[in-house]
Amino acid sequence: MNDRLRSWSRAAVTLILAAAVYEALARSGWFAPALMPTLEKIAATLITVLADGSMLAHAATTLYRVLFGFSLAILAGLPLGILMGRSRRVENFVLPLASALMPIPSLAWVPVFILWFGLGNTVSILIVFYASLFPMLLNAWAGVRAVNPLWLRAAGAMGADENALFWKVIIPGASPFIITGLRQAFLRAWIAVVGAEMLAASDWGLGWVIFDAKEFLNTDLMLASLAVIGAIGFVFERLVFGSLERATVLRWGMVRAAKG
Amino acid sequence: MYDAVPASPASATVSAIPGATEDARWRVIARTAFPFVVVGGAWEIVAHLGIFPPRLFPPLEAVGSAFVRLTIAGILPHHALDTLVRLLAGFTLAAFAGVAIGIAMGRSRRAEDIFLPLVSIGAPIPGIAYAPLFLLWFGLGNFSTVLLVGFVSAFPIIFNTWTGVKAVKEIWVRSAQAMGADQRRLFVKVILPGALPYILTGLRLGLAQAWRILVGVEMLAAVPWGLGWLIFGAREFLNTDVMLAGIAVIAVIGLALEKLVFQRLEQFTVVRWGMMT
Numbered sequence: 001m002n003d004r005l006r007s008w009s010r011a012a013v014t015l016i017l018a019a020a021v022y023e024a025l026a027r028s029g030w031f032a033p034a035l036m037p038t039l040e041k042i043a044a045t046l047i048t049v050l051a052d053g054s055m056l057a058h059a060a061t062t063l064y065r066v067l068f069g070f071s072l073a074i075l076a077g078l079p080l081g082i083l084m085g086r087s088r089r090v091e092n093f094v095l096p097l098a099s100a101l102m103p104i105p106s107l108a109w110v111p112v113f114i115l116w117f118g119l120g121n122t123v124s125i126l127i128v129f130y131a132s133l134f135p136m137l138l139n140a141w142a143g144v145r146a147v148n149p150l151w152l153r154a155a156g157a158m159g160a161d162e163n164a165l166f167w168k169v170i171i172p173g174a175s176p177f178i179i180t181g182l183r184q185a186f187l188r189a190w191i192a193v194v195g196a197e198m199l200a201a202s203d204w205g206l207g208w209v210i211f212d213a214k215e216f217l218n219t220d221l222m223l224a225s226l227a228v229i230g231a232i233g234f235v236f237e238r239l240v241f242g243s244l245e246r247a248t249v250l251r252w253g254m255v256r257a258a259k260g
Numbered sequence: 261m262y263d264a265v266p267a268s269p270a271s272a273t274v275s276a277i278p279g280a281t282e283d284a285r286w287r288v289i290a291r292t293a294f295p296f297v298v299v300g301g302a303w304e305i306v307a308h309l310g311i312f313p314p315r316l317f318p319p320l321e322a323v324g325s326a327f328v329r330l331t332i333a334g335i336l337p338h339h340a341l342d343t344l345v346r347l348l349a350g351f352t353l354a355a356f357a358g359v360a361i362g363i364a365m366g367r368s369r370r371a372e373d374i375f376l377p378l379v380s381i382g383a384p385i386p387g388i389a390y391a392p393l394f395l396l397w398f399g400l401g402n403f404s405t406v407l408l409v410g411f412v413s414a415f416p417i418i419f420n421t422w423t424g425v426k427a428v429k430e431i432w433v434r435s436a437q438a439m440g441a442d443q444r445r446l447f448v449k450v451i452l453p454g455a456l457p458y459i460l461t462g463l464r465l466g467l468a469q470a471w472r473i474l475v476g477v478e479m480l481a482a483v484p485w486g487l488g489w490l491i492f493g494a495r496e497f498l499n500t501d502v503m504l505a506g507i508a509v510i511a512v513i514g515l516a517l518e519k520l521v522f523q524r525l526e527q528f529t530v531v532r533w534g535m536m537t
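Protein chains in written order, with my numbering: chain A, 1 to 260; chain B, 261 to 537.
Chain B with its partners taken away, still in its complex shape (with noise of 0.2 Å):
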């Protein structure tokens, strides 16, 4: 089940190292590939040698045939396409209300105070464990799947966000104050900048758990497209392989979710205005 991945955590690591010079980056990549070549080998054996019946546990080229099979036939892509909209779609509610709540809670003590017991008891719940309470109230599909991968994602982000603003240097707001900076400029310059570290930090957090919420959350939902959904349906049939290709492509999702976007996001931001290394 190692061997799905194979190229590319590779790339990631490879891309870390600056300045490396052509040889160096070979042995990186030789290096890197090494585990899932020993661990891939080790499949094909177990998986050859017939121990298991070939249905639970194929071949990797019957995964690697399914996965290209399944592409050329555009359900793999569409399967993907419509979790990366969920996703989308509830971590873009979660990332407003979430950074919204966030900051009256950081500014004003009455929202504080109203908030935080309430978000304090919701936040302990899995998210998971919402799931046929959203389903009841607001039907299968796609509504409560978004809906719930947005509350579910929140939780990170208003916390984050609110620790974010209050650990706003007050001497930097005493000294915009002191310059004639007003409310507004107040808060774009000093505060918003000064709070990001955290707030990016919470989306980050935000979109992982979406992530892991949102699978789990397709098969339960009984949506018609989705990786999840692909996964739990191939299971009636017993098409391990189909599975396998299907977590294949969830894992590279993941991977560059957290490498692309966000390793960016906060070179472009932070990184740059040298608030964090």
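Isolated chain A, as found in the complex (with noise of 0.2 Å):
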């Protein structure tokens, strides 16, 4: 306990001395303010934005986009995922497929998304599916490949039928996998989210902000931008995602599976 209380006054301190290496070099004028603004400009903006509500609306349009892409790739990828793991076929027909297009790096298709589709909402949304597809589809499937075979048996042997097994054996047995892949494709969304909107998006969302505000050089605005990001993944990381650990596969003691 009171080596964890040192750990953190010691961050603590590391952090208020970067602060102040900042703010000392933001107010030496060897920088030009409007590239290196102080903290308590960028604080001040932060609070401006925040306070007229423009900022809410952009991280409102934000998370609009990457909660709708990232559905949409949990509604196709897990369905898929598990028959893959479940048929021979699907797998044989579906991996190739996913191992050639997985390398691509979703924001190469920003382009060719905005000639079929036009700039806008659904440019981002695309993006974000392809970016979270992967991740959600190829650990659906290994999470329902790594179920214990004798889990299966003597679930069959205890008359479990199809529906049953499904539900009560092989659902659990794969949810470690599928809670990483949920928290691996949300962390891919995000930063497709991101990517999409500076190059596609027309008047919303945070990565329209920091792109916009480049070209103004609101060097202000675009490092309150960046803290909001930063912040909404910090939250859907640890709060989301780990109460949702919390609430499934660490309450049924399958942690070390988590973790492997």
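For the record, the hints were derived by calculation from the structure and aren't laboratory data.
Predicted, not measured: the structure shown is a model, and the values here were computed from it.
Virtual Cβ for every residue (Gly too), placed ideally from N, Cα, C.
Heads up, some of the hints might be wrong.
SDA-like, lysine to any residue: derived pairs with alpha carbons at most 25 Å apart [unchecked claim]:
(1) Lys168/A / Leu39/A
(2) Lys41/A / Val483/B
(3) Lys214/A / Glu496/B
(4) Lys214/A / Val483/B
(5) Lys519/B / Leu97/A
(6) Lys214/A / Trp485/B
(7) Lys41/A / Pro384/B
(8) Lys214/A / Gln443/B
(9) Lys214/A / Leu393/B
(10) Lys41/A / Gly399/B
(11) Lys426/B / Arg4/A
(12) Lys519/B / Ser7/A
(13) Lys41/A / Pro377/B
(14) Lys426/B / Arg6/A
(15) Lys41/A / Thr14/A
(16) Lys41/A / Leu395/B
(17) Lys426/B / Ala20/A
(18) Lys214/A / Ala44/A
(19) Lys519/B / Thr180/A
(20) Lys426/B / Ser7/A
(21) Lys519/B / Ala146/A
(22) Lys426/B / Asp3/A
(23) Lys41/A / Leu378/B
(24) Lys426/B / Leu456/B
(25) Lys519/B / Thr281/B
(26) Lys214/A / Ala383/B
(27) Lys426/B / Leu250/A
(28) Lys426/B / Glu496/B
(29) Lys168/A / Arg251/A
(30) Lys168/A / Leu187/A
(31) Lys519/B / Glu91/A
A few chain A positions that, by computed beta-carbon distances, are all more than 12 Å from chain B [said to hold, decoys possible]:
(32) Ala24
(33) Ser71
(34) Leu78
(35) Ser87
(36) Ile170
(37) Ile179
With the hints in hand, could you dock these two chains into one complex?
As structure tokens, this is what we get:
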């Protein structure tokens, strides 16, 4: 406990030091103040845009896009991945396609999608879908294959029918992988949405704010939006997926599987 | 859009199966090629039906001829080479800095306390979000691109190296010390090999991250050559065939990085030493 307290205080000292160094550089006048605004100015900008609601609107637009695409990826990737794990034929068909498409970064599709669907929401949502589909698919597939065959036989011997086998054994057994898949998929989706918004959005979204602020040298607004993006990513990673993990695999005592 | 890389995944899957007889090998190739043939056929049919304008939805032969034309003219290889050089430069930067910081964090309590808060704050922000900031600070072009790629891919390398060094079994360290190993030998002979599986995982993740970011950054940074720029620039002239040919090259490079570089490296080190199967 004492050890932990020391770590916290040292972390605080580091952050304060880093902030002080930044502040000193910003005030030294070596760099143009437009390029390196003081922390005070960044905080003031952050408060202003939060108070007038524009930042919240941008964040809401980005969240809408990312959650829409992410949900589509779950709806498509999870059943298909499970099907791949259960059926050899589906696996033989989907796996080569997935391994050919996976190494293409999702952002490479942005220009093509812009041509096909025009600027706007559709492109961002589809890019998010593309980015988060493969982690979801491959993890669901790996999870179903990793279910211990002994459990399947035991459940079968105890008279479980196909339906019960699926819902009571396979899904819980694959859940550590599925949750890892959700996590990775969201991480990719979050990167993809910011990039897609920079390249393809018209006037809303956090990625667009950062990119647009560059044109007007609003470095303070850029740094404020970066902080918002980091905060949202952090909240999803720790709170949403962390509590999902606690409510399922940790409670079922499958942590070791989740780590491996 | 699925047909862009017909040959490479087939060969990759085949080589993964040891000791396959000639007959089984052909069956595997046919099985792997089958989905590509189906999707490619569907693409051809849709393209030739003329539902979409052919400029936006070119048939495969147009993509193929764009690929051949650009390759012969030397344009495509030049773009690919520039992208690869940037990737390697950025990744090398990240590998050295990341492994050094990670090892320092794993070995010294003080370094851990200093770097961990900074790294934990920087990591959850998607790398591409930093791109406009880097462009403002360091200007358009190569320098910003390489720096950003290095910066972004350093995070997984730092995290994994740190975990790896901490995961080296205490008993190995103690027994090496009991046998009289000095600090340097302890580091080179025990800690480094012990942490290597993690470091390799980190490098692999870092390279994948660098690859994903690089293509996007090239579109933003207005570099004169590069695959990302090729695709983005082709949009202006509605050259969908050029874009798809560029994406095919991106897929091949991505696959090659994963299959050739890292699986080999792993086989030569940790698998041979019996630390991973």
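Outcome of the hint check:
no.: 1; hint: Lys168/A / Leu39/A; result: 53 Å, violated
no.: 2; hint: Lys41/A / Val483/B; result: 32 Å, violated
no.: 3; hint: Lys214/A / Glu496/B; result: 22 Å, holds
no.: 4; hint: Lys214/A / Val483/B; result: 17 Å, holds
no.: 5; hint: Lys519/B / Leu97/A; result: 16 Å, holds
no.: 6; hint: Lys214/A / Trp485/B; result: 22 Å, holds
no.: 7; hint: Lys41/A / Pro384/B; result: 23 Å, holds
no.: 8; hint: Lys214/A / Gln443/B; result: 49 Å, violated
no.: 9; hint: Lys214/A / Leu393/B; result: 7 Å, holds
no.: 10; hint: Lys41/A / Gly399/B; result: 23 Å, holds
no.: 11; hint: Lys426/B / Arg4/A; result: 17 Å, holds
no.: 12; hint: Lys519/B / Ser7/A; result: 40 Å, violated
no.: 13; hint: Lys41/A / Pro377/B; result: 23 Å, holds
no.: 14; hint: Lys426/B / Arg6/A; result: 19 Å, holds
no.: 15; hint: Lys41/A / Thr14/A; result: 21 Å, holds
no.: 16; hint: Lys41/A / Leu395/B; result: 21 Å, holds
no.: 17; hint: Lys426/B / Ala20/A; result: 31 Å, violated
no.: 18; hint: Lys214/A / Ala44/A; result: 18 Å, holds
no.: 19; hint: Lys519/B / Thr180/A; result: 23 Å, holds
no.: 20; hint: Lys426/B / Ser7/A; result: 16 Å, holds
no.: 21; hint: Lys519/B / Ala146/A; result: 23 Å, holds
no.: 22; hint: Lys426/B / Asp3/A; result: 17 Å, holds
no.: 23; hint: Lys41/A / Leu378/B; result: 21 Å, holds
no.: 24; hint: Lys426/B / Leu456/B; result: 12 Å, holds
no.: 25; hint: Lys519/B / Thr281/B; result: 22 Å, holds
no.: 26; hint: Lys214/A / Ala383/B; result: 22 Å, holds
no.: 27; hint: Lys426/B / Leu250/A; result: 24 Å, holds
no.: 28; hint: Lys426/B / Glu496/B; result: 51 Å, violated
no.: 29; hint: Lys168/A / Arg251/A; result: 15 Å, holds
no.: 30; hint: Lys168/A / Leu187/A; result: 29 Å, violated
no.: 31; hint: Lys519/B / Glu91/A; result: 20 Å, holds
no.: 32; hint: Ala24; result: 17 Å, holds
no.: 33; hint: Ser71; result: 19 Å, holds
no.: 34; hint: Leu78; result: 20 Å, holds
no.: 35; hint: Ser87; result: 14 Å, holds
no.: 36; hint: Ile170; result: 25 Å, holds
no.: 37; hint: Ile179; result: 18 Å, holds
When the structure is compared with the earlier hints, violations turn up for hints 1, 2, 8, 12, 17, 28, 30 and for no others.
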